[in-house]
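A.B. asks: All chains, please: the whole structure from these sequences, using the hints.
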Amino acid sequence: MHRDSAPNGLWWALFLWASLPGWALVVQVFGGGGLGPNPQEAIIRGLGQVSLVLLLWVYAMPLWARWAGGQVLTARRAMGLWTFAYAVVHFVAFLQFEHDLVLAAVWNDIGQRPFVSVGLIGLFLLAALAVTSNRIAMRRLGVRWKRLHRAIHLIVILSLAHFFLHKMGKNDFGEVVVYAGLFLGIALLKALPTPAKSPRAPSSAGSASARFPHTPDS
Amino acid sequence: MTDRFDRRRLLGLPLVGEITPQALWASRRAFAGRLGIAGLTGLTGITGLGGGGRAYASAKPLTPPKPLSARPGRWPNVEKQTRLEDATTYNNFYEFGTQKSDPAKFAPSRLRMDPWTLVVDGLVAKPQTLGLEDLLRMAPLEERVYRLRCVEGWSMVIPWIGYSLSALMRRVEPLGSAKYVSFSSLADPKQMPGLRSDVLEWPFREGLRLDEASHDLTLLCLGAYGQTLLAQNGGPVRIVVPWKYGFKSAKSLVRITFVENQPESSWNMSAPQEYGFYSNVNPGVPHRRWSQATERRIGDDSLFAPRRPTLMFNGYAEAVEGLYAGMDLRRFY
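Residue numbers (the working numbering), protein chains in the order written: chain L, 1 to 218; chain A, 1 to 333.
It is worth saying that the hints were derived from the structure and are not from the lab.
Just so we're clear, the structure is a prediction, and the values are computed from it rather than from any experiment.
For each residue, glycine too, the CB sits at the ideal point set by N, CA and C.
Just so you know, not all the hints are guaranteed correct.
So the derived label-pair ranges between C-beta atoms look like this [as the list claims (entries may be wrong)]:
(1) L:7 x A:198: 45 to 53 Å
(2) A:264 x L:64: 49 to 57 Å
(3) A:269 x L:127: 37 to 45 Å
(4) A:77 x L:111: 32 to 40 Å
(5) A:262 x L:64: 55 to 63 Å
C.D. replies: The structure is reproduced here in structure tokens:
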């Protein structure tokens with residue numbers, strides 16, 4: 001939970017929204033149906049897709065804050081942690097369903113399949129961001145914290161590469177192109193300078209990142 | 001909306017009926033929703049509950065299936081058969097799209113399977129143009145229950161109906177110069193939306209060596225599950241070569257040509273390092289990007305059922321290994 005400011009309505013709304021795929025998974029596994037003839041595959045791929053979509057959302061949040069007000073950023077940590085949680089379950093589902101948790105088989109696979117290793121590197125980076133997402137880590141890391149959390153760019157790129165390598169099996173890159181386009185679009189818009197004066201963020205109040213030091217808009 | 005069969009399966013409970021009547025499951029299949037929703041919609045709502053399975057399940061097929069009686073055939077198999085629902089909604093048939101739900105969505109309402117003609121030509125003494133009725137009458141129909149192993153690492157057990165391709169070969173009398181058989185699928189953009197994509201070379205082509213084609217296991221297939229072949233399964237006529245990866249078994253055939261040289265095959269043209277001409281099921285030869293040592297059997301009882309070890313030549317080694325005596329199967333993958 002965020003410590004700088006008490007959870008507000010927007011925080012709760014975003015938190016609950018991000019939890020919906022988790023509930024959907026629970027309902028589909030235990031409530032029955034909807035996962036199709038190959039439920040194991042549907043679970044692995046669905047979780048991967050949810051992770052990627054949420055990751056792009058988190059990446060876009062500073063942009064969103066520019067238009068909708070800095071309060072959005074109070075939920076960024078929670079959304080980032082949800083992203084990490086889905087990515088972890090995605091990986092655990094892969095271990096269970098693709099390798100029946102036989103670690104020797106996993107190890108062999110990581111070496112032989114670049115798409116597995118690329119995804120795993122992304123997951124490790126995401127773990128580093130999750131572990132350092134608390135206030136203590138922020139204080140101890142100081143300026144290095146911001147640098148570290150710029151790794152989100154690399155994580156998005158690794159995730160897209162992971163997805164691309166997976167889709168290579170069918171030469172079917174339509175979805176990858178859509179996600180890559182969204183990433184580039186968000187990156188481009190973020191790179192544009194913030195409008196000097198906007199009614200939502202008067203210069204006297206400082207930028208969103210000044211008001212929410214937890215969530216610098218990198 | 002719950003699907004009792006799926007729930008029982010996921011929780012590891014035994015299933016009452018192995019094959020659900022088609023009408024029943026069509027109404028149950030309310031949502032084929034996956035966890036994530038593809039593309040842009042994923043960014044407006046990330047939850048995947050819901051989804052549009054109903055529309056296609058209730059759509060009337062352009063060519064409705066007819067019952068097809070067949071005597072029990074050679075090569076008996078007592079394994080649990082894949083449920084009709086699974087075998088007809090989880091298909092690779094790129095002419096209708098690359099998602100495995102696409103063939104069930106698009107093929108039944110678009111593919112006109114009657115009338116149909118199959119041209120058999122090339123290096124044969126008696127080239128023929130055959131209608132569906134000719135094909136159904138050519139030899140006694142057998143039900144052949146075969147394992148189907150997809151190159152992607154999943155498998156099914158399907159009760160096909162047809163007869164050995166060798167019966168057709170006897171009819172057309174291949175010349176001595178014929179060394180290979182080439183199969184071509186229909187490629188009609190009006191009926192097949194997937195042809196817009198250039199994932200593969202169209203028309204879809206596959207090929208077999210003459211001795212492979214004349215092997216008793218190689219089936220000229222006209223039905224499955226006691227009825228004529230559904231569009232999404234490659235109707236009205238396809239081949240089934242059970243010891244090779246599934247893509248070798250070309251669907252919706254319009255032409256079979258006997259040739260002298262090794263014919264082109266669509267997957268081999270698309271990625272020659274990954275899909276060889278032979279493509280025999282072989283747990284010892286990994287795909288370039290994944291192992292082929294194990295497989296996921298579709299319809300195994302529980303979510304946590306372990307993967308199964310893949311068998312050499314998909315379990316048909318005794319019958320077919322003689323065809324490859326002395327060949328390096330790592331080189332001729």
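A.B. asks: Now tell me, hint by hint, if it's right for this structure.
C.D. replies: Structure-based check of each hint:
| no. | hint | in the structure |
| --- | --- | --- |
| 1 | L:7 x A:198: 45 to 53 Å | 50 Å, holds |
| 2 | A:264 x L:64: 49 to 57 Å | 51 Å, holds |
| 3 | A:269 x L:127: 37 to 45 Å | 42 Å, holds |
| 4 | A:77 x L:111: 32 to 40 Å | 36 Å, holds |
| 5 | A:262 x L:64: 55 to 63 Å | 57 Å, holds |
In this structure, every one of the numbered hints holds.
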